[in-house]
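Protein chains in written order, with my numbering: chain A, 192 to 511; chain B, 192 to 511; chain C, 192 to 511; chain D, 192 to 511.
It is worth saying that the hints were derived from the structure and are not from the lab.
Treat the hints with care, since some could be wrong.
Identical chains blur together in the list; that is why a pair holds if it fits in one copy or across any two.
Mimicking SDA-like on lysine to any residue, the simulated pairs with C-alpha atoms at most 25 Å apart in a straight line are [claimed, not checked]:
no., residue 1, residue 2
1, Lys217, Pro510
2, Lys407, His391
3, Lys392, Thr447
4, Lys459, Phe242
5, Lys230, Asn475
6, Lys421, His468
7, Lys504, Asp377
A quick note: this is a predicted structure, and the numbers were derived from the prediction, not measured.
Spelled out from the first residue to the last, the chains are:
Number of protein chains: 4
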Amino acid sequence: MDPIRKLGVAIIGAGFWGRNHARNLKELSETHLIAVCDKDEAKANAVADLFGVDAYTDSSKMLKRRDVEAVTICTWSTNLAAEATKALKAEKHVLVEKPMANNVKEARKIIELAKRQHRYLMVGFLMRFIPSVQRIKQAVEKGEIGSVVYATARRVSQWPERIGDMGVVKDLAIHDIDITRFLFNDEPVEVYAKAGNFRHKKFEDHAQILVTFKGKKTAFIEANWLTPYKIRKLTVTGSEAIMTLDYITQEITLETAGQTLAPRYEVKEPLKLELQHFANSIMNGREPVTTGLDGLKALQIAEAALKSARTDKAVRLKPL
Amino acid sequence: MDPIRKLGVAIIGAGFWGRNHARNLKELSETHLIAVCDKDEAKANAVADLFGVDAYTDSSKMLKRRDVEAVTICTWSTNLAAEATKALKAEKHVLVEKPMANNVKEARKIIELAKRQHRYLMVGFLMRFIPSVQRIKQAVEKGEIGSVVYATARRVSQWPERIGDMGVVKDLAIHDIDITRFLFNDEPVEVYAKAGNFRHKKFEDHAQILVTFKGKKTAFIEANWLTPYKIRKLTVTGSEAIMTLDYITQEITLETAGQTLAPRYEVKEPLKLELQHFANSIMNGREPVTTGLDGLKALQIAEAALKSARTDKAVRLKPL
Amino acid sequence: MDPIRKLGVAIIGAGFWGRNHARNLKELSETHLIAVCDKDEAKANAVADLFGVDAYTDSSKMLKRRDVEAVTICTWSTNLAAEATKALKAEKHVLVEKPMANNVKEARKIIELAKRQHRYLMVGFLMRFIPSVQRIKQAVEKGEIGSVVYATARRVSQWPERIGDMGVVKDLAIHDIDITRFLFNDEPVEVYAKAGNFRHKKFEDHAQILVTFKGKKTAFIEANWLTPYKIRKLTVTGSEAIMTLDYITQEITLETAGQTLAPRYEVKEPLKLELQHFANSIMNGREPVTTGLDGLKALQIAEAALKSARTDKAVRLKPL
Amino acid sequence: MDPIRKLGVAIIGAGFWGRNHARNLKELSETHLIAVCDKDEAKANAVADLFGVDAYTDSSKMLKRRDVEAVTICTWSTNLAAEATKALKAEKHVLVEKPMANNVKEARKIIELAKRQHRYLMVGFLMRFIPSVQRIKQAVEKGEIGSVVYATARRVSQWPERIGDMGVVKDLAIHDIDITRFLFNDEPVEVYAKAGNFRHKKFEDHAQILVTFKGKKTAFIEANWLTPYKIRKLTVTGSEAIMTLDYITQEITLETAGQTLAPRYEVKEPLKLELQHFANSIMNGREPVTTGLDGLKALQIAEAALKSARTDKAVRLKPL
């Protein structure tokens, strides 16, 4: 990798999350932020002005630029797939926010398109880039917690200010679906879930999901938009130790029979690490770690959970 | 109730737990401890000596005493039903430790016997007597947490020194089965569970159970003997607030959008409160709050969980 | 030491604390509880009945018994010295509760009397017997926290139900005076303190004390009866690590640059360990670890603190 | 106040802290960031480029600009007074970082100069702008904690990467000196302190300070650069309640006899609030809340603490 080479990047979607992308892409030494695009002209201009880059309201136009080598897509969930498709067709590398697509079928098409276009497709499973998550992964691999027995994840929030076209399973639980696949290094075989909507008119606003992996390991995932404040927690129980993570403070503990140990980490912004990984992967010609297939599998499990909740039955997962 | 009247009580089972019964029955002003019985003579004598009461190795003999009006039964789980039966036949009031019997069938017989004998039968669901549990119950009833959405319970321990003839579902999870029935004031309709045995040769040593109540409320219960140290926690999530309880410290929190509130309670020994309730119920001619039927229902749900884990299917519960 | 030999012990003072002494002396295999004495006959009888021992209202009478080899004294603070004197004159070994005497002068007399009578005199600095305190002592000695820089101690409570004839300095702070002497293995050279009485008519009900040891190490001690609930905490700051202790839960942490480590200890009742040490010391002919001199020094420092608070000046301590 | 009016601001000192000033002055709607100055040209350019403003290496030159109405000074502590003097002479309003000057004498001169120049002088006591500190102030004023008895403050850190020309008293403890004056709404009358240097060659690297206010209220302040990681805590003990603050997480608790209450606040960047207050004060012609006199008084108390530590005596403070 040439040390002076910088990846030319543009952003599609200039909302709260797009603005975070912009700040990080501006600060990273690996990337050169070229432009931002949003259908809402005021939003596009605001972010473009703050960081001194070009503004677009039509992504097709922006994608014509040669200096834009890669795009990050942070639009509303329901538009992610359409924008990813456009960007891949324009031969850009793509980092698409989770859940990547509206459904498994759409996700599959994007993966195939990326393959045909010989472009990298990364799905924004941000959580994997938290250093403490890497620490848990390492502990699991090294057997520091003995054999993994199960994990419980809690991702709950108060009612969101703006509610999109998706329920909590695809919006929140999908993170924990991905993280448990990652930590267990294993694929789920069965999903049983309960879900309901207290306030949301169309979609589920709370769900409890029990995912069973090969070899009987399980993950219990709670997600809702009803809890009075934000909680993001993970517990991994092994035969010898328990690890806990607070995603918000990034604090972890390793609890054994004799002690509780809380390593002190410098808190790092996972988005910065994710974008850095995306840029380095492309410039080094390596597949990013959170692939389109990871996105697809997470969506499949999310859909199985929704089906289980509708039918009151456990749903067996077919291998993809 | 006559203030000087004391209930004459004897204890069957002089192990660790029986000794606790003895100390409390000695200290309570409502009870007069008369005797303890254990097949192991040394154990019976040790407890009897410490508290200055009579020792027996044969419960049938002890049950012949007229001054013994009631017995508390703290033997091994597999003997509970047999001893309860003997005591009821001898026309004693009975407090039997959970899980009360080996199975639903046995439990049903004991309940019927108590009815025929016109004696009170109480099942030792100790957790209900913790003042903080009462505080949560009250909060739920008054709507302080809005509508109940779900509860999660975690009752995990290191490998027990002596392991009985039962797995974690009937030994540990049964407490949380009872507590969620109590707090939700509702009956489960469906149970889905996963369980396994890492170290135990015969019985499950870890289980994850998702219980669905009428109206879609759920309870997720984790129980194991694998965790490196003892954890006993409960979280009840409502539409407006979350309550948490640590059974060990008896600390609770009420978390709303604006604050976390932790009431300060004097820690009380739940066993003392339970035994006091048992004595007062009998002397006042009122049914104790944790009835034989509560024991029976908890057993039914525990058995459904075990069946679900065996069959990989959700099990519907028939009304008892 | 003969394994069957048990020390014959009697208790002077049958209040809340005397009752705890009785329970532990009954349970310990090293001691044989013979009698309890209290001027208040009802109290003496209540404790005596509970544990099946003799009751006295006149300590002189009880001290005549040959089988009483040692006494523990848990009367009101102002009577401690008088009862210790009687007991030593009767040739009993003595465990006297802190603060041992009303003042340095009285304390000195008791120490001399014990020497003349060839009897052991132990002062009840309970805190030293907490296993976690021993763990901190060990860490300090082994240099696990680098060089000790200072300690801060917080021993605060709500207004006591019954208030004795002493302020917070001699009642509460004296524990931390002793503990910092013990942990630092060093003697104070200067004391500066502020104290006042918000509610107490006669004595100080809050005090902040800064004690300077040889080599500039300091200890800051807060004590009061104003705080709405009980807090008992200690922090020891070293050049490489910080240790914290919660005396109530007995939890400790060792905080270094890289991590916080919380060893898990079995909670033990310090009073049991203290009484066991007292009995073993006597039966083995060894001086107990918390001597009369420790009591005297703690009193001297407490008195210096009170003098400093009165005079608004730092008080230099003369070597005893 | 004209809503479109923006205050023209420049920054002197483009180190870590100057960069934070720049980001906030850029983001605030009340300010227009014009230029940054640093003797180190690379630093000046780096910050200027990031935010699209002019760079200077000579503050005199920058101060000639008419559009610069106010400056914020974030240089090394030893240069603060010199730069503040220059800026005031150039008729700029000044926000100078604490400790404002090297000593009381210098501080006094700056205050007089500001008065003669009819310019506002604000001292950067950042901590006052934390919303939770305001909440504690409010609680104290409303009597929510009863009568204030004392406060303890702990501001400790690991060894700093770059060490300036000042010890912990003027660098760290000065914050808590200011905060306790602010919260108690009272002036200290006596200071007693111990300090020492474990590693620092010239200045104290640890100090324990007991400050006595009128009416016997006290504040105990711990400050050091020895502690293995950063701790910033405050406890205010009242006759009815205790309040605690963690400056890092901005979490507070209000502990009463019956409960612990932890209000949930949105974490806000105190620097942004401080700079906003500075700009609004100037534009509205009002004195900022943390005045030159506050800076002077804090310095006086800090110097008294250092004198006490040198002389082993309590130092009485003369009214300024």
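Evaluated hints:
no.: 1; hint: Lys217 to Pro510; result: neither (40 Å within a copy, 52 Å between copies)
no.: 2; hint: Lys407 to His391; result: between (34 Å within a copy, 16 Å between copies)
no.: 3; hint: Lys392 to Thr447; result: between (45 Å within a copy, 23 Å between copies)
no.: 4; hint: Lys459 to Phe242; result: both (22 Å within a copy, 22 Å between copies)
no.: 5; hint: Lys230 to Asn475; result: neither (33 Å within a copy, 39 Å between copies)
no.: 6; hint: Lys421 to His468; result: neither (27 Å within a copy, 30 Å between copies)
no.: 7; hint: Lys504 to Asp377; result: both (23 Å within a copy, 22 Å between copies)
Hints 1, 5 and 6 from the earlier list are contradicted by this structure; the remaining hints agree with it.
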